[in-house]
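Peer 1: Please model the entire structure based on the sequences and the hints provided.
Chains as they are written, first to last, in numbering that gives the first Met the number 0: chain A, 0 to 250; chain B, 0 to 291.
Partial list, computed: chain A residues near chain B (C-beta under 8 Å): (1) 93; (2) 104; (3) 105; (4) 116; (5) 118; (6) 119; (7) 122; (8) 123; (9) 152.
Everything labelled a hint here was simulated from the structure, so no lab data went into it. A virtual CB, placed ideally from N, CA and C, is assigned to each residue, including glycine.
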Amino acid sequence: MTVDMISLRNELKSKLLAYHSERGLSHLGSCLSSLDILTSLFWGPLKEEDHFILSKGHAASLLYLILNKKGLLSDQDLQESCRDGSLYGAHPPFQPPQKHPWWGFGSGSLGYGIGLGCGVALAKRMKNDLSHVYVLVSEGDLNEGSSWESLHFAAHHQLKNLTVLFDHNQVQALGNSSEIFPLHHLPTTLEHLGWDVHHQEGHDLTKIDFNTVSTEKPRFFIFSTQKNQGLENLFSPLEAHYKWPNKVGLP
Amino acid sequence: MFFSWLENHFKNKSNSVLLLCDLGYPEALDLMKAFPQRVLNVGVSEQNAALVAKGLCAEGFEVFIYGISSFTLWRCAEVLKLYFGPEDSLRIIGNGGGLGYGLMGTTHHSIDDLGLVSLWPTWTSWIPARDQEVPEVLTLLTQETGPQYLRLTNNAATGKNNFEPLRVFSQGDKLTVVTVGPMVDLVLEAAHQETGVQTFCIGKWPVDIEKINQHFAKTGRLLFIEEHQEPGSLSSQIKSQLDGSRKNIRSLTLSKSNIAGSRDALLKMQGLDKKSIASHIVSMKNRVHDKD
Numbered sequence: 000m001t002v003d004m005i006s007l008r009n010e011l012k013s014k015l016l017a018y019h020s021e022r023g024l025s026h027l028g029s030c031l032s033s034l035d036i037l038t039s040l041f042w043g044p045l046k047e048e049d050h051f052i053l054s055k056g057h058a059a060s061l062l063y064l065i066l067n068k069k070g071l072l073s074d075q076d077l078q079e080s081c082r083d084g085s086l087y088g089a090h091p092p093f094q095p096p097q098k099h100p101w102w103g104f105g106s107g108s109l110g111y112g113i114g115l116g117c118g119v120a121l122a123k124r125m126k127n128d129l130s131h132v133y134v135l136v137s138e139g140d141l142n143e144g145s146s147w148e149s150l151h152f153a154a155h156h157q158l159k160n161l162t163v164l165f166d167h168n169q170v171q172a173l174g175n176s177s178e179i180f181p182l183h184h185l186p187t188t189l190e191h192l193g194w195d196v197h198h199q200e201g202h203d204l205t206k207i208d209f210n211t212v213s214t215e216k217p218r219f220f221i222f223s224t225q226k227n228q229g230l231e232n233l234f235s236p237l238e239a240h241y242k243w244p245n246k247v248g249l250p
Numbered sequence: 000m001f002f003s004w005l006e007n008h009f010k011n012k013s014n015s016v017l018l019l020c021d022l023g024y025p026e027a028l029d030l031m032k033a034f035p036q037r038v039l040n041v042g043v044s045e046q047n048a049a050l051v052a053k054g055l056c057a058e059g060f061e062v063f064i065y066g067i068s069s070f071t072l073w074r075c076a077e078v079l080k081l082y083f084g085p086e087d088s089l090r091i092i093g094n095g096g097g098l099g100y101g102l103m104g105t106t107h108h109s110i111d112d113l114g115l116v117s118l119w120p121t122w123t124s125w126i127p128a129r130d131q132e133v134p135e136v137l138t139l140l141t142q143e144t145g146p147q148y149l150r151l152t153n154n155a156a157t158g159k160n161n162f163e164p165l166r167v168f169s170q171g172d173k174l175t176v177v178t179v180g181p182m183v184d185l186v187l188e189a190a191h192q193e194t195g196v197q198t199f200c201i202g203k204w205p206v207d208i209e210k211i212n213q214h215f216a217k218t219g220r221l222l223f224i225e226e227h228q229e230p231g232s233l234s235s236q237i238k239s240q241l242d243g244s245r246k247n248i249r250s251l252t253l254s255k256s257n258i259a260g261s262r263d264a265l266l267k268m269q270g271l272d273k274k275s276i277a278s279h280i281v282s283m284k285n286r287v288h289d290k291d
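Peer 2: Below is the structure:
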């Protein structure tokens, strides 16, 4: 980790707040909780040929800002995104003009990223392609039965070139996940299924580390995160799903 | 028949993969042994099958999904709708199309499949009339781009005709009959004593319906006979595009899927048996229309 990483994260965060405030756009909290994970990934182990799939499509604005910084989304497209007539809505588009593995797939309907990642990982293995597939998922993703079909598949087929990043902010649209769709069993269940499970603090850039001892298993990182990260004085974690700071109140 | 065709196809096409939805005993097991890397049983998980298929297609693979018709479409309909387009070489092989799994009950009936697939603009449906056509149809559909759905319903009848998207099985100028896939042999049997009946059989959808339109303009009488529920049926879609009066158009389609029984029994219960079809043909032929 370098000082540059912190600067990058701060820059992205500042842009993120402005983006949501200017547009009056919800799901800010969903982006804030993923910010440090994706900064660490995109300016860390993610290689040009690796795939990134944003299964929690409601964090699209964060992806747009990152891909803009990486040169995969023009300033104009970014400026026009999430506005009337733009291809880039509040969830990632299905046909981005520029094909690149970091654009992954369109999303917005939850629960599909892991399965799509399984397909790409399987294809890479069949082609002897050593690149990797990363999928970012949310609580909502793991509510969906399709995710569980795919979690079984990946473990059974030992897709070790697949890594799922779980942004575990413990909140979903109507409250705490523990009261809606508890996932306390997740580490045990996944380990029993055949996943290589890792827990990390998701907001400490000095501690996020994607390097693990190589195994034959797909990897599942559980990142403890916070939806109102940095905005604790303004919003509760649930409010951060829906609200945005007005320009005057930008921290 | 599908599996033996696929075995040959695999030998010629190294980027082809089969995802089984835990169906295909015993032929599928032999194919798995022959191609362990390219035949995967994903289990009873159609959503995952469709998602994995998309990942593979995006990386340049041709993917077959084999399962029970209704499940391979409806269980994963949103994935199929959202993720597959003209660039994807997806082939869904739906066994038990129509009432092919009649005795298995409501869950296994597939009488709204063609309507569902027709909602997706880049998809093509294939409905072979007879078992003997299946290899030819498979060869044809794998030459097409975009997602393809093959509706398999057993029909052991044989004939000399090659597969065509829209075939004429009998000629006449009194009544236009339009049927779909394997229903054609029942219709031909029912109409064999009648003269003046022209029987069209749809084997692929979408199809150019101009020939039907032209013939209907001549006869002024049109009878649809289809193993599908009326809403979403190919008949209803054709009807909406025909020119002229609707007065002498009748559709024999299915309305019930809540009873178990053999395909023949279920068709008969809903008026799609030889006797009933024959009586509709006679009655339609005798209808007066403006051009008589």
